[in-house]
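Peer 1: Here is how the chains run, residue by residue.
4 protein chains.
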Amino acid sequence: MAGSTFGERLKMTTFGESHGEAVGVIVEGVTPGVELDEAYIQVQMDRRRPGQSSVTTPRKEYDKIRIVSGTFEGRTTGTPLCILLNNTDMRPSAYDDIKTLYRPGHADFTYEKKYGIRDYRGSGRASGRETAGRVAAGAVARRLLENRSVSVVAYTTEIDGIKCDTFDEAAIESNAVRACDPAAAERMIERIEQLAKDGDSCGGIVECRIRGVAPGLGEPVFDKLDAELAKAMLSIGAIKGIEFGAGFAAAAMRGSQHNDAMDASGFKTNNAGGIIGGISNGADIVFRVAVKPTSSISSVQQTVDGEGNERSIQTIGRHDPCICPRVVPVIEAMACMVIEDYYKRQAALLD
Amino acid sequence: MAGSTFGERLKMTTFGESHGEAVGVIVEGVTPGVELDEAYIQVQMDRRRPGQSSVTTPRKEYDKIRIVSGTFEGRTTGTPLCILLNNTDMRPSAYDDIKTLYRPGHADFTYEKKYGIRDYRGSGRASGRETAGRVAAGAVARRLLENRSVSVVAYTTEIDGIKCDTFDEAAIESNAVRACDPAAAERMIERIEQLAKDGDSCGGIVECRIRGVAPGLGEPVFDKLDAELAKAMLSIGAIKGIEFGAGFAAAAMRGSQHNDAMDASGFKTNNAGGIIGGISNGADIVFRVAVKPTSSISSVQQTVDGEGNERSIQTIGRHDPCICPRVVPVIEAMACMVIEDYYKRQAALLD
Amino acid sequence: MAGSTFGERLKMTTFGESHGEAVGVIVEGVTPGVELDEAYIQVQMDRRRPGQSSVTTPRKEYDKIRIVSGTFEGRTTGTPLCILLNNTDMRPSAYDDIKTLYRPGHADFTYEKKYGIRDYRGSGRASGRETAGRVAAGAVARRLLENRSVSVVAYTTEIDGIKCDTFDEAAIESNAVRACDPAAAERMIERIEQLAKDGDSCGGIVECRIRGVAPGLGEPVFDKLDAELAKAMLSIGAIKGIEFGAGFAAAAMRGSQHNDAMDASGFKTNNAGGIIGGISNGADIVFRVAVKPTSSISSVQQTVDGEGNERSIQTIGRHDPCICPRVVPVIEAMACMVIEDYYKRQAALLD
Amino acid sequence: MAGSTFGERLKMTTFGESHGEAVGVIVEGVTPGVELDEAYIQVQMDRRRPGQSSVTTPRKEYDKIRIVSGTFEGRTTGTPLCILLNNTDMRPSAYDDIKTLYRPGHADFTYEKKYGIRDYRGSGRASGRETAGRVAAGAVARRLLENRSVSVVAYTTEIDGIKCDTFDEAAIESNAVRACDPAAAERMIERIEQLAKDGDSCGGIVECRIRGVAPGLGEPVFDKLDAELAKAMLSIGAIKGIEFGAGFAAAAMRGSQHNDAMDASGFKTNNAGGIIGGISNGADIVFRVAVKPTSSISSVQQTVDGEGNERSIQTIGRHDPCICPRVVPVIEAMACMVIEDYYKRQAALLD
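Protein chains in written order, with the working numbering: chain A, 10 to 360; chain B, 10 to 360; chain C, 10 to 360; chain D, 10 to 360.
Just chain A, with the same shape it has in the complex (with noise of 0.2 Å):
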């Protein structure tokens, strides 16, 4: 692999920056004979783009996918699928004047000192914007998942401190936020409005919650399946930290506690979020991650330009001042790559 890959017998790769022609996604390893077409596909772009509401930023990056390979008379060929979607709303000369600055948070400095040259054009291939392919990606899988009655959906649990207390299903995409509880949602809303107008951003934590896996899945070792949804997890720019089942908490649990004892019906209590070994257990597999506050903020901050000058810099520009809602797909959407692609390790172990 070299950076841009992800999986093994469900595999994608995405390419394209955020301010060149087009951005996308090739998906190798498609069961053949699925129906599939782009309006499932666009439903899951849809949560992801920019614009949805007053939370996030107004640029128009309206993202109409095409599927350019893979698939025939309305069904997968087994084929390479290639999905691209167009960049329609760029504004590189917007950045000219950060050019030479290295954004706080902001991979720059790093891209720079990684390749010894930056395509300043906001953030280049580090943009959000490179989440679209995963998306268009992790909806492939979903349409595979959905042959295996497994379900996936991740919602905020978590903004600026502001906690859920209440687990609402049915809530999660009618807020703003894709939070559980309806009623913090709102309190989220107020908060994160206000801190657009401050120029600030906030953080929070996302859960994910994947039902129906069957037990049995995972690699040993080092493929387990909580390591693998944790790479797939931290590999999404703004995630720092991931937790499964009890997670941190459980560092201050004692083993009779922690121990998830079984009767006739399964497990009794669900510490190990459904993965034990590496392997799934049959119960749900649940993580959360935490999210930080989005880097682009529109108060002056200290910063150093490429010959280490100290400069100050203010980035205007279209931002979203908390990226919980919009991280929400994407987490999902690598939720089902990994769970799809070890169903399909896992049918090639047995055959």
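The set of hints was computed from the structure by calculation and includes no laboratory data.
Pairs count within a copy or across copies, as identical chains cannot be separated in the list.
Mimicking DSS-like on lysine-lysine, the simulated pairs with C-alpha atoms at most 27 Å apart in a straight line are: (1) LYS108 to LYS206; (2) LYS172 to LYS206; (3) LYS108 to LYS122; (4) LYS277 to LYS108; (5) LYS122 to LYS277.
Dock chains B, C and D against chain A, hints included.
Peer 2: Same frame as chain A, but now just chains B, C and D:
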């Protein structure tokens, strides 16, 4: 990959069960011509082995390693290193009583679901003994990192709710729990000894600090440096979560707080944990992992047998009431493997 | 890998069917900061495209490429290059007559058996048009190899039994069959034109010579340099065999003849074809491939349909009666990809 | 991959040098629950081992294998199999005289150029002894293929210009050169014995036939079934070429001759060698490889030493004057690994 291999340009494959003839590891991609002998590796093995202190299992697996291939006249040849450890303290019959029961918190149930067959002798492949191979490989990576002036150190920061208040690096290897605060270490040891008497176990938190990594290391998008470290850590059986830099605390921070500003001398804070956009920024790489309480406890627990009958189980054996001190060298080993591998990937990119 | 990806540190993924919207390639791992533009790549595309001469298909796929990502201000950025080619001369309806028949020599039957579904429009993914992406990627690799003073040249040495007697490198690109002997080329062209009239096709042999490769390139054991080149070449649809150096003739040689002796100025012969033990020895790397006669011929052939009924088939279309001249740039492209990838692997090992 | 690993879903990693403590192999991805014991594997090891007959080296490496992990109570567990062979007939001092010389035809020079260090004891990692691990892994694959009714057989068809005229499958394992024509075998043996006396060696051709493979196996584009088999075969030290079906003869055939027509009972010819478009078509898979004459000969040859001084060298040792009979089981082993791996890949695709 089929589960037992890790890494790309520096790669390890572990093998062996806890109660077979031997366990070991193959390490591929090792820089040729580097001085390396068994004694260098043995130092790390001895940090992982059981029976080091009052708080670790009294099992006597003296983990004496042998380099079977890949060195010549005291130097690496560039060909695969095979490192073997014979199993010497095997008592498979000790497991006869539980061979039809699923031990709570253990991978017995999930392995049986995955493979349809169960090697019930001491967890088989899911045994912590598998990590001996990782530590051996990690020692090889550490040897290569010395030539890059990179150092990796991990240490316990919390056990059963007892937290370290100071960071005394010199004290880490001098106390039985490898805590960075010797006063806290005393209380931790006392607690663990009490829990052992009570037939229970506890978890904790281990932090890892990697110093000297040049800025620019890490692959964009899916193979971000933090994503790979997350996978590496979650592939260790007892680890249930990971966070980088400010980690989960970032969820309650503002962008204006979390962004690491720069001045002429570098980053003024390290909320990012040394990695931005998946690429090292030259600051220390810092992450913490959640260690669950040891699953094997001697108090009575509820479970089922292979036919689903409800049963009670009591795991009499020789187990660590807290795995933190022994997981420290495993965490370091995995971190060494990742960092050295990424140096090699970067060399390939720039060549 | 799931079939459409090739390489490790320099990697390509091709996508697209002959009769979809576009075909293309993603190239990962490209050295950053290298000058590269569309014109450089287009030169190679034009060598592969149909309609170059009287002996190639008159189809007018003018293979105009676009670099969609991975360059900035005329230089590579180190992020994935996406190169797209729109399909412009599609006539899927031309295949209506044969959509239930298996064309002899074509992959119709095997694709249907593999996928259970068949995209009958012009061979779908099995179309030679897929190689356009390879040639584009190979041009990128060639650009990187220029900086290493490595050159790759392939040329026809035999067509339909007519063999080249001389090696005139300057003549290769001046004749329509890309033969290294201009006199033989004339006879070859005449023969092909006659076969086209007769509704038949012919095969040939192409040799490839790689100059300037430093000694020491290649991985031991499974990833031998010749093994990887063999895979690269056999992955081209029309290739049915490969031999290195003395090749099949070695089967009738003695050790005393075949061993390449050395004197102070280097190897005195090159029976090994520049590779010993899977590693380059500094001599020219030389291999030959067997090119089968084009499967599409306009004479009547016997076949069956999807129900197993015996049928006769006549492939009316626009096809190359001999693919040798157009496979030459594909062979070079694959060789460029392998050699550049192995340079990068070696850099990783030694770093 | 870093060179010593082969396969994707069924994967092997070999390790060990000819004069170290042991050689061996790790096999990952083995179907669980399959009966397998050491005796089954030993049968194949004994076909590869030296000292079987008058035409093989008299070295006494009795290749007794041990399964160190991955089986339990006579069945595979699905976890990595480690198979070890101790080295018992080591005479490293026998190589003292030549440790500064590059043996013609051997990898001494290229390994030194690659690694900058040379393990001169019996070729180190480049030794043919490395193939013992392959044969062990191949036996595991063969066991799995039995359950699919796939069989793999290889045999000598030509040695030093002496060709087989008949195909008598029952005779193959009854003659010392594993030729398919017992009369030709006698002449071959005579020739080899004479060459051994003369201090010379010879090459030959080995054919491999794989029966029972279902149509539809193979990945499109780069991972074509023939491409992977080609890589597998060229990864064997002595192999310098490969051809499928009509192979190089196809270069002089017309499309009307080479295309395999179909009737109601299947393909009427097998010029394709059982693979079209990289995918099996249900006919026998047939390929031939060119085996070079053994590099080690006892006559005087010209070479240089590490300083470039011209020297003469005489390789006194115990070597095979023709490696064909002992390479037969290695070819079969590699073929078994590829076919079983591709079955597993196909299962993953369709699942």
